[in-house]
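Work the whole structure out from these sequences, hints included.
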Amino acid sequence: MIELKSVDKIYSHGEHEEIGVLKNISFSVKENEFSLLTGPSGSGKSTILSIVGGLSKPTNGEVIIDNKSIAKLPDKFSALLRREKIGFIFQKFNLINNLSAIDNITIPLIPTKISKSEIEQRAEKIMTELSIFNKRDVLVEKLSGGEQQRVAIARALVNEPKIILADEPTANLDKKLSLDFIQIIKQLKDAGKTILLASHDPLFTDLDCINNIIKIHLGEIQ
Amino acid sequence: MNFKLIDFTLKSLKRRLTKKLSVIFIFSLIVFLLVSVFSISSSIKKELEISVNALPEIIVQKMSGGRQTVIPVDRAYEIATIPGVQNAYDRVWGYYYFVNDNVNFTVVGLDFDLEAYKQKYSDIINLYAEATDTIDAPFMIVGSGVYKMLEDNFYKNFYNFRTVTGEMLETKIVGSFTDVSAMETNDVILMPVNYVRELFDISENYATDIVVRIPNPEEIEIIKQKLNSMFPDSRIVSRLDIEASYQNIFDYKSGLFLALLIVAFVAFFILVYDNASGLSIEDRREIGILKAVGWQVENILQIKFIEGSLISLFSFFLGTGTALFYVYILQAPILRNLFTGASNLKPTFNLIPVINFEILILIFILTVPVYILATVIPSWKSSVIDADEVMR
Ligand SMILES: Nc1ncnc2c1ncn2[C@@H]1O[C@H](COP(=O)(O)OP(=O)(O)OP(=O)(O)O)[C@@H](O)[C@H]1O
Ligand SMILES: [Mg+2]
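Just so you know, the sequences run in chain order G and E.
The number in our numbering is simply the position in the first sequence, starting from 1, with 150 added.
The number in our numbering is simply the position in the second sequence, starting from 1, with 673 added.
One or more hints might be untrue.
Now the in silico label distances, taken between C-beta atoms and shown as ranges [claimed, not checked]: (1) E:L934 - G:E234: 50 to 56 Å; (2) G:Y161 - E:L934: 48 to 54 Å; (3) G:E167 - E:R689: 35 to 41 Å; (4) E:K692 - G:L368: 41 to 47 Å; (5) G:K222 - E:R689: 53 to 59 Å; (6) E:K1054 - G:D287: 30 to 36 Å; (7) E:R689 - G:E268: 37 to 43 Å; (8) G:K226 - E:R688: 24 to 30 Å; (9) G:L353 - E:K684: 32 to 38 Å.
FYI, nobody ran anything at the bench for these hints, they're computed from the structure.
No residue lacks a Cβ here, since even glycine has one placed at the ideal position from N, Cα and C.
Laid out in structure tokens, this is it:
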């Protein structure tokens, strides 16, 4: 489902300053597998996720998502790929303030042809599953951290993606909420999703639902 | 265009309402200024046009020591015999200083030869004819401006003029009139000519000036020269001379307005520049989020386009609407003084509604699309770069 082949990422600022962030990264995540990316801060985990999600392009190498090479895909199509196949969960939740929970959750489907009422039905169903339906019309900045994260998860699920990408999803949560999140991610795996999650939270390392752990250090796989 | 995108834009506008209100305020204020200025100016231009068209082709004034003095009426008969002259008649009129309000009224004498005045005061001929038949005392028909001033000073039915010889002339007010060209007639008082003579002490054989009507405009200049040599003691003023002097005043006043316009445009471009010179961190983060959840650049541009259109169209119509209300309903307090001069030597007049669509379209083109572009372009710039900033 996800495959990286010899991916390099080099940021260049001007002619002489080049920062190599990723070097020769290769791994794959098969359908319905749950892979964990770990490594110290600054090692390149977020960079890998943004390359997998098509938010940035690798300098060298191949990225294959659902049998499609996306390394050189124009922006227009990588946006479509995200809309159809990928749900993103960010560390900082990245919700849009001053909009209600439901309005945040439905954002990914606004540019699609799906009708407003169907979008809202889908969103409400997911909110019910994540037990935040009672917060439907509350502005997101008024929600607690855990509720905000569940809104972010609901937004990642509303387009019914095959792939979930999560970047440090528990970094802003306390122990109890982190455990709740693990329950949710387990359910997602049971529902058949392919999951790539970046975290250095030790809570994840000995989960039995994790299929493989990819350790990154200074931009390379160890 | 996708209805859900419009819906989303409205929601996102609503939550940035306070920030956008200041933009809407400045934008509509600028449009308001532009539309007001152009409306007042086209209204006054129209006013002048009507006044000038009502002017006689030539006016003959007798001069004495470089100042105007009364002219013998028999010269009118002499002038009427000149080939090309249709008609020449004497006018008796003058300025009456109304102490209470510190203004001058123009008192015009009407005589039995009403035909001569028909062109100018046609609507009050009947009123006048009726009054001459029934009243055997001084009476007058006054312009609406005069009427109002007299009324404010509690002269409802009559007014006591003080003649130049110091006597009182009790004059009945029989009616008032308004004309399309208010600037011209607002301060006018019409009275039977014999009472005007009494008021200004002008004897039977003299008049204030002589009006010459010439049907063929080509002949005006030649006849003017002929009159000049016939009456070396006189000043011959043609319509073109008056038109030119009106135009001069108008052009001078327009200069003030031009300065105002430049200020308005500079303000607008500062507004646009501020909008175009980059987005806030918050705006950029939002664009990043939208891209990360699968929005294409064109979707982002669409909502920005809708947003820019809504704000600029709303501001444009708000500014235009309030400007037209301000100019034509409220009669442009403060601003009109720039044009007509703050002096109250003339009673106030009404601005005639003249809606100049060409100017409105021009103002529209110079503001609305410019603002939309200034909204869309920065978002486009920030949405084509990598969206991985949201990961940090
Ligand atoms: N635009 C950029 N230009 C230059 N260097 C960058 C840029 N973006 C990221 N980096 C660098 O790339 C490296 C990897 O960053 P990344 O965010 O992927 O690390 P991370 O493993 O997610 O760290 P953390 O655990 O703190 O989130 C860092 O050293 C970072 O400074
Ligand atoms: Mg990171």
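Outcome of the hint check:
{"no.": "1", "hint": "E:L934 - G:E234: 50 to 56 Å", "verdict": "holds, 53 Å"}
{"no.": "2", "hint": "G:Y161 - E:L934: 48 to 54 Å", "verdict": "holds, 49 Å"}
{"no.": "3", "hint": "G:E167 - E:R689: 35 to 41 Å", "verdict": "holds, 37 Å"}
{"no.": "4", "hint": "E:K692 - G:L368: 41 to 47 Å", "verdict": "holds, 43 Å"}
{"no.": "5", "hint": "G:K222 - E:R689: 53 to 59 Å", "verdict": "violated, 37 Å"}
{"no.": "6", "hint": "E:K1054 - G:D287: 30 to 36 Å", "verdict": "holds, 34 Å"}
{"no.": "7", "hint": "E:R689 - G:E268: 37 to 43 Å", "verdict": "violated, 28 Å"}
{"no.": "8", "hint": "G:K226 - E:R688: 24 to 30 Å", "verdict": "holds, 28 Å"}
{"no.": "9", "hint": "G:L353 - E:K684: 32 to 38 Å", "verdict": "holds, 37 Å"}
Violated hints, in rising order: 5, 7; the structure is consistent with all others.
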